[in-house]
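Novice: Residue strings, one per chain:
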Amino acid sequence: MTRVVPDTPQPEASDISVLSDTAFLTDLRRQMVKFATLQLSNGQHAEDAVQEALMGALKNAKSFGGRAALKTWVFAILKNKIADVLRQKQRMVEASSLLHEDEEAEDFSELFDHKGFWQSDEKPATWGNPQNALHQNQFWKVFELCLEALPGNQARVFMMKEFVELDSGEICNTVGITTSNLNVMLHRSRLRLRECLENTWFLKGERA
Amino acid sequence: MMNCQQATRLLSESQERALSLSEKVSLKVHVMMCSGCKNFSLQIPFLSQAMKAYARGLDEAVEDDVKK
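Respectively, the protein sequence lines represent chains A and B. The numbering used here numbers the first residue of the first sequence as 1 and each following residue consecutively. The numbering used here numbers the first residue of the second sequence as 209 and each following residue consecutively.
Misleading hints may appear alongside valid ones.
As the list claims (entries may be wrong) - In silico DSSO-like pairs for lysine-lysine, Cα to Cα no more than 30 angstroms straight-line:
id, chain 1, residue 1, chain 2, residue 2
1, B, Lys232, A, Lys115
2, B, Lys246, A, Lys115
3, A, Lys79, B, Lys260
4, A, Lys123, B, Lys236
5, B, Lys260, A, Lys34
6, B, Lys236, A, Lys141
7, A, Lys141, B, Lys246
8, A, Lys204, B, Lys246
9, B, Lys236, A, Lys62
10, A, Lys204, A, Lys34
11, B, Lys260, A, Lys59
12, A, Lys59, A, Lys123
13, A, Lys141, A, Lys34
14, A, Lys34, A, Lys79
15, B, Lys236, A, Lys115
16, A, Lys123, B, Lys232
17, B, Lys260, A, Lys204
18, A, Lys123, B, Lys260
19, B, Lys246, A, Lys123
Simulated from the structure, these hints should not be mistaken for lab results. Values in this document were obtained by computation on a predicted structure and should not be read as measured data.
From just these sequences and the hints, can you work out the full model?
Specialist: This is how it looks when you write it as structure tokens:
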């Protein structure tokens, strides 16, 4: 697998074609908006962040060897924009949207019995060597679907932690929750994401 | 003794903070005896790894387009 290394720009005639490749730009923009909307829970803020990130990157499009490098770069910028917006926008999740925790409490009884042990059909299975999946395009489609299937708040804190790479204190501050709330939400999001990946990818075909 | 709900919670938290010695010990004992939690303990770091690979801009998916 050859990786395009962003810091070795190879200006070529093809650079221009990135800018005129409407299909590529449309697709890129769509992915960015999807990601930003999930993070910011506000369509307008998401559009603004995407707009800025895209403009910034395209101005320098000539320095990129190709679409992959440009995409890596544009997502790095977007990530920083989102972190900025999140830092400015304290307590962006209104109290009301955290009240869904009641419905989410059911999750645990689906997964664990009354003593807190795995229900027999919910026990995590062996995934073998999951790293292989990282090289398969189809896996990323499944991964995206599983991320989108997470309840909004869980998806948001999970992505703040693992994608935007904010630390726990910063997430709690931004969202206005306690560390204990955060740990519960991350625990749930990992249980769900794991289950979704297992059922739709790692055990596909093995368990009818 | 620790149950699976508590064990998975601690395994999840170990991504956010260093566990105490007693937490580590009870977790270790549980995971040794529980295949479900053992598998879970291997999957948690993978989720983080996958998320970071995804964050790098899904460049592998795009690379294939570029090669065409």
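Novice: Under the criterion that the straight-line Cα-Cα distance not exceed 30 angstroms, is the pair Lys260/B, Lys204/A satisfied?
Specialist: 24 angstroms, holds
Novice: Checking one constraint from the list: CA of Lys236/B to CA of Lys115/A, max 30 angstroms. Satisfied?
Specialist: 19 angstroms, holds
Novice: Is Lys123/A within 30 angstroms of Lys236/B, Cα to Cα?
Specialist: 18 angstroms, holds
Novice: Tell me if the straight-line CA distance from Lys141/A to Lys34/A falls inside 30 angstroms.
Specialist: 14 angstroms, holds
Novice: Lys236/B and Lys62/A were given as a pair; does the straight-line alpha-carbon distance stay at or below 30 angstroms?
Specialist: 53 angstroms, violated
Novice: Decide if the proposed pair is consistent with the structure: Lys34/A and Lys79/A, CA atoms, cutoff 30 angstroms inclusive.
Specialist: Holds, at roughly 13 angstroms.
Novice: Check whether the Cα positions of Lys141/A and Lys246/B lie no farther apart than 30 angstroms.
Specialist: 27 angstroms, holds
Novice: Has the given pair, Lys59/A with Lys123/A, been kept, meaning a C-alpha gap of at most 30 angstroms?
Specialist: 50 angstroms, violated
Novice: Taken at face value, is the distance from the CA of Lys115/A to the CA of Lys246/B at most 30 angstroms?
Specialist: Distance of about 18 angstroms is within 30 angstroms: holds.
Novice: Lys246/B and Lys123/A were given as a pair; does the straight-line alpha-carbon distance stay at or below 30 angstroms?
Specialist: 10 angstroms, holds
Novice: Is it true that the CA of Lys260/B sits at most 30 angstroms from the CA of Lys34/A?
Specialist: It holds: about 17 angstroms lies between the C-alpha atoms, which stays within 30 angstroms.
Novice: Please work out if Lys204/A and Lys246/B have their alpha carbons no farther apart than 30 angstroms.
Specialist: Roughly 21 angstroms between the alpha carbons, so the hint for Lys204/A and Lys246/B holds.
Checked against the numbered hints given earlier, the structure breaks hints 6, 9, 12 and satisfies all the rest.
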